[in-house]
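Engineer: Sequence:
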Amino acid sequence: MGEVFLPGNHRYLGNQFMMWRQEAEMSREEVAEAVGYSAEMVRSVEQGRRACPPRMAEIADELFGARGKLKAGLSYLTREKFPARTRDYIWHEAESVSIWSYECVLIPGLLQTEEYAQALIGGRCPAMDEETVAERVAARMERKQLFTRKPPVEFSFVIYEAALRTPMGGAAVHKRQLLQLLEVGSLRNVALQVLPFSRVLSGALSGSLVILETRDHVRMSLAEGQQVSLLTSDSNEVHVMTESYAKFRMEAFNAEESAQFIQRLVDEL
36 MGEVFLPGNH
46 RYLGNQFMMW
56 RQEAEMSREE
66 VAEAVGYSAE
76 MVRSVEQGRR
86 ACPPRMAEIA
96 DELFGARGKL
106 KAGLSYLTRE
116 KFPARTRDYI
126 WHEAESVSIW
136 SYECVLIPGL
146 LQTEEYAQAL
156 IGGRCPAMDE
166 ETVAERVAAR
176 MERKQLFTRK
186 PPVEFSFVIY
196 EAALRTPMGG
206 AAVHKRQLLQ
216 LLEVGSLRNV
226 ALQVLPFSRV
236 LSGALSGSLV
246 ILETRDHVRM
256 SLAEGQQVSL
266 LTSDSNEVHV
276 MTESYAKFRM
286 EAFNAEESAQ
296 FIQRLVDEL
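Per the working numbering, residue 36 is the first one in the sequence shown, and the count goes up by one each step.
Worth flagging that the hints you see were computed from the coordinates, not collected in a lab. Since the model is a prediction, treat every value here as computed from it, not as a measurement.
Distance ranges between label pairs, derived from CB positions:
#, residue 1, residue 2, range
1, Glu65, Thr267, 19 to 27 Å
2, Glu291, Arg211, 20 to 28 Å
3, Ser270, Ser241, 18 to 26 Å
4, Glu65, Glu292, 48 to 56 Å
5, Met285, Leu265, 21 to 29 Å
6, Gly158, Gln57, 46 to 54 Å
7, Arg211, Leu265, 31 to 39 Å
8, Arg211, Met163, 19 to 27 Å
9, Ser270, Met54, 31 to 39 Å
10, Val219, Asn271, 27 to 35 Å
11, Glu68, Ser233, 42 to 50 Å
Simulated crosslink set (DSS-like; lysine-lysine; CA at most 30 Å straight-line):
#, residue 1, residue 2
12, Lys210, Lys282
13, Lys282, Lys179
14, Lys179, Lys210
We put the CB at the ideal spot given by N, CA and C, even for glycine.
Given the sequences, and given the hints that come with them, work out the whole structure.
Structural biologist: Structure representation (structure tokens):
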């Protein structure tokens, strides 16, 4: 396949990024270490193949001594599809080779149907305007491309029973959501497990978590709360999250038992 390039405003910002970097006499590797992305990501941004993450532009602006000129280019880019607190995670998710996800309250975003996402995002407080809700739902649906990406991403999902029993959007929407879980769970690169009430651990009630590994083999963890998202590559934090996830997965039903459990929930509706 040929190279895929972004719209002109993204390529222009990438070109400006490269010129400021060269003016500062810094290598891509040095910039990558400072901004927390890979050298290949820096190259892709400069060549117009990847959009420049806001965090990268903000750090680089100060690093290059651009005095706000590089950061100002962000305002000319396409309106952001994701809320600020999850934006950096989405960038890394797109670069992942494996994703492990545990959710105790809701269906994980990557597994949500459009109707479920609409009910969830549209029902948030404070309320958002219809345009923003539509954009957020569409952006969430676009993330599903990861399931069919080549080379494939390896997925592991553990979902607490409570999330499976919450009828977000009503009974009909709930049923279609459960059926989609069965469909996605049948994919060869997806392992989907249910953590039942009878096997829950105290730590499993503390909140959701995600562990991902990027193409550069950097492992990161995301812990989410009511209004806070903490994304880190700190080895100690990632280790703690990995240990927690391993415990949840060990207590959960295996993939076959989980599919049977979800099917029973469908049959009850």
